[in-house]
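Given chain A's structure and the hints, the job is docking chain B with the ligands onto it.
Number of protein chains: 2
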Amino acid sequence: MAEEHTIQVELASERKPKPNEDGLGFGRHFTDHMFIMDYTEGKGWHDPRIVPYQPLSLDPSCMIFHYGQSVFEGLKAYRTEDDRILLFRPTQNFQRLNRSNDRMCIPAVDEDLALEALKQLVAVDKEWVPSAEGTSLYIRPFIISTEPFLGVAPAHNYKFIIIMSPVGSYYAEGIKPVKILVENKFVRAVAGGTGEAKTGGNYASSLKAQEVADEKKYSQVLWLDGVEKKYIEEVGSMNVFFKINGEIVTPALNGSILDGITRKSTIEMLKHWGMKVTERRVSMEEIYEASQSGQLEESFGTGTAAVISPIGEFLWEDRKIVVNNGEIGSTAKKLYDTITGIQRGAEPDPFNWVVEVEEQSVPVK
Amino acid sequence: MAEEHTIQVELASERKPKPNEDGLGFGRHFTDHMFIMDYTEGKGWHDPRIVPYQPLSLDPSCMIFHYGQSVFEGLKAYRTEDDRILLFRPTQNFQRLNRSNDRMCIPAVDEDLALEALKQLVAVDKEWVPSAEGTSLYIRPFIISTEPFLGVAPAHNYKFIIIMSPVGSYYAEGIKPVKILVENKFVRAVAGGTGEAKTGGNYASSLKAQEVADEKKYSQVLWLDGVEKKYIEEVGSMNVFFKINGEIVTPALNGSILDGITRKSTIEMLKHWGMKVTERRVSMEEIYEASQSGQLEESFGTGTAAVISPIGEFLWEDRKIVVNNGEIGSTAKKLYDTITGIQRGAEPDPFNWVVEVEEQSVPVK
Ligand SMILES: Cc1ncc(COP(=O)(O)O)c(C=O)c1O
Ligand SMILES: Cc1ncc(COP(=O)(O)O)c(C=O)c1O
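For the protein sequence lines, the chains are A and B, in the order given.
Count the first sequence with the UniProt record's numbering and you get residues 1 to 365, in order.
Count the second sequence with the UniProt record's numbering and you get residues 1 to 365, in order.
One thing to keep in mind: the hints can contain errors.
Since the list gives no way to pick out one identical chain from another, each pair is judged satisfied if it fits inside one copy or across any two copies.
Restricting the straight-line Cα-Cα distance to at most 25 Å, the calculated cross-link-like pairs of lysine to any residue (SDA-like) are [unchecked claim]:
| hint | residue 1 | residue 2 |
| --- | --- | --- |
| 1 | Lys216 | Ser283 |
| 2 | Lys159 | Arg28 |
| 3 | Lys230 | Asp337 |
| 4 | Lys159 | Phe26 |
| 5 | Lys333 | Glu279 |
| 6 | Lys126 | Arg79 |
| 7 | Lys216 | Asn101 |
| 8 | Lys179 | Glu358 |
| 9 | Lys208 | Asn98 |
| 10 | Lys333 | Arg344 |
| 11 | Lys271 | Gly174 |
| 12 | Lys159 | Gln95 |
| 13 | Lys76 | Pro52 |
| 14 | Lys208 | Asn254 |
| 15 | Lys264 | Gly44 |
| 16 | Lys217 | Pro107 |
| 17 | Lys276 | Pro348 |
| 18 | Lys217 | Asp32 |
| 19 | Lys159 | Tyr53 |
| 20 | Lys276 | Pro19 |
Calculated directly from the structure, the hints in this document are not laboratory data.
Next up, chain A with everything else stripped away, as it sits in the complex (with noise of 0.2 Å):
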């Protein structure tokens, strides 16, 4: 690695009081440290560093505030019963960061420097990763723009940052089937958009229509596609799976679509059984057909968050699905037993998934 790019570290004088492990919830509390980088047009990506957590000061016109120019990654690292700390398929992320980043004109990262980076800094703040049963330190590394200029154009200055929160689990009262509402109005991405990339206005854009599913007790929507508004996308912050008469079935990637790390680990670990994993176009009207002769067997979305979450129920207009009589199925079960054995170390990873954030990755200081 190149001289410019080692990673100096500034420790925290003074470490915050780390929440209790029962009430973590989602990203509301932040660890010690976080990882900063700077783009400069001419110079490229540079001073990487672990500074002690803090504020941000930008100015007012920085361009992120503006228009949009922005985007992120969401990963976990998990700790052990043998108190290692192991994160899932990280190499995964800032692959698609990059693609990100192709999508909405930002420079890419330098991907085995973001690697060593969000490594060190697990290490060095290793005692915030929680070991209670389901919890784990969420990872959130973003870009945003931040050149203090109001012209819609890339920016030519750039911030790549982590931070680090400690997340509860996400089923603290045991895995139960979420319902789901199919989005008929408003629509989050379309070919030629940037549905693909992970970015701030993906997310801005869903806001609408998840009110309207909260309202109606729904915990999240099911995105059609904004064609045709017949063809399955993904649901909320989730790709969606099927079973329809012993076959897996997920709408391909088409560019509108989220390139989920959790569903490529599942179709790769559903071939790995040796059942049958179709990506293809799937129509909701497939579903509610499969549903209405007996053979929509399971349906369960995939993320980060949640690992596999089961879906009892799609209203879809005033048609109500109800699949596998709202309760998880087993595939779903096993699915979600081995991917989360093998993101704490305790089922065997035949895919070499896990990467271990090394005692030696502890800068010294």
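Chain B with the ligands only, in chain A's frame:
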């Protein structure tokens, strides 16, 4: 106005040197003061204040950095020959801000308070309104979500800010028609999306297409509808008009097109002149055919930045459509002269569009 809505004023102890009016450019220089108001769930919008222009200090977990929940506006203040300062239809901007707020799940602002804040801010920094031909003070109201939380949900905290930037003449070298690239691959917005809202994500998603246009030496892209890629939406950051066989035609507002204030003013003015103006669906095919048959007389964009921007050429796949021999048309010219005349107080204002910033708006302190 309620007591809590009194705008507090803290004046800067030092004033920055003003930039030379010849080389202002756009959005690079900022005035001495800014307006800020905070929103806290349960308390509403509070603490409106004018303070010295200064950086924002924000936690790196603030939602604006991750989920793009934000809106903005853009308008201008002009200095008249006799040294009065005029705003162009500012109420329209705050009404549109609230429509954008509604789509993005951001709490509405009090439009009267916002206008009052704007007038006071311009009065405080009135020396920053440039006087050279074609120059103006660009005003940028914006709202960002500031809650420090990584969950995808409408934030509980926001900041409403107004900053201002003296800007140069858009037509420093005289009005020259622009060349526009018709975009066939990327999509800016789709029905059910956020195209009608002035929110960062729409602009972030447009950067990639603009990059392609820049490479091909076209000045902006023309967006087609996201569903059929047949119908004309708008151009970069302008609405678009055509004069076909004597009649003015512009795409009807359909939910994915920004409801431009210059567009509205153009339509009102043309009707005032007794011209026929139709808002309807306009396909690219129709424009091509009108050009082939010699009926396409003019085309121009409308927007706050350029006011009226004549279009001299469209490139649609391999078809080049030259409009009016690449010269400015008479309707565009008359609109430009009339609207900019009204904005600068040099022409009669039949619709009461301009709002004067009165001396008494200057707070005593
Ligand atoms: C829109 C969207 N879809 C799907 C996913 C699932 O992706 P992953 O499995 O990589 O977490 C996420 C996020 O995590 C998401 O935000
Ligand atoms: C996407 C877009 N369309 C059209 C316009 C024109 O709107 P207005 O005339 O209100 O400036 C703008 C901005 O100014 C814009 O950003």
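Taking the hints in turn, this is what the structure says about them:
1. Lys216 x Ser283: within (23 Å within a copy, 39 Å between copies)
2. Lys159 x Arg28: both (22 Å within a copy, 20 Å between copies)
3. Lys230 x Asp337: For lysine 230 and aspartate 337, the Cα distance exceeds 25 Å both inside one copy (33 Å) and across copies (49 Å).
4. Lys159 x Phe26: Cα proximity of lysine 159 and phenylalanine 26: in one copy and across copies (24 Å, 23 Å).
5. Lys333 x Glu279: within (21 Å within a copy, 55 Å between copies)
6. Lys126 x Arg79: This pair counts as within: shortest intra-copy Cα distance 9 Å, inter-copy 59 Å.
7. Lys216 x Asn101: between (36 Å within a copy, 22 Å between copies)
8. Lys179 x Glu358: neither (40 Å within a copy, 57 Å between copies)
9. Lys208 x Asn98: between (28 Å within a copy, 15 Å between copies)
10. Lys333 x Arg344: within (16 Å within a copy, 69 Å between copies)
11. Lys271 x Gly174: neither (27 Å within a copy, 65 Å between copies)
12. Lys159 x Gln95: Classified as within: same-chain Cα gap 18 Å, cross-chain 34 Å, threshold 25 Å.
13. Lys76 x Pro52: For lysine 76 and proline 52, only the intra-copy Cα distance (20 Å) is at most 25 Å; the inter-copy one is 41 Å.
14. Lys208 x Asn254: For lysine 208 and asparagine 254, both the intra-copy (24 Å) and inter-copy (18 Å) Cα distances are at most 25 Å.
15. Lys264 x Gly44: For lysine 264 and glycine 44, the Cα distance exceeds 25 Å both inside one copy (32 Å) and across copies (43 Å).
16. Lys217 x Pro107: between (41 Å within a copy, 22 Å between copies)
17. Lys276 x Pro348: within (22 Å within a copy, 74 Å between copies)
18. Lys217 x Asp32: neither (37 Å within a copy, 48 Å between copies)
19. Lys159 x Tyr53: both (15 Å within a copy, 22 Å between copies)
20. Lys276 x Pro19: neither (44 Å within a copy, 67 Å between copies)
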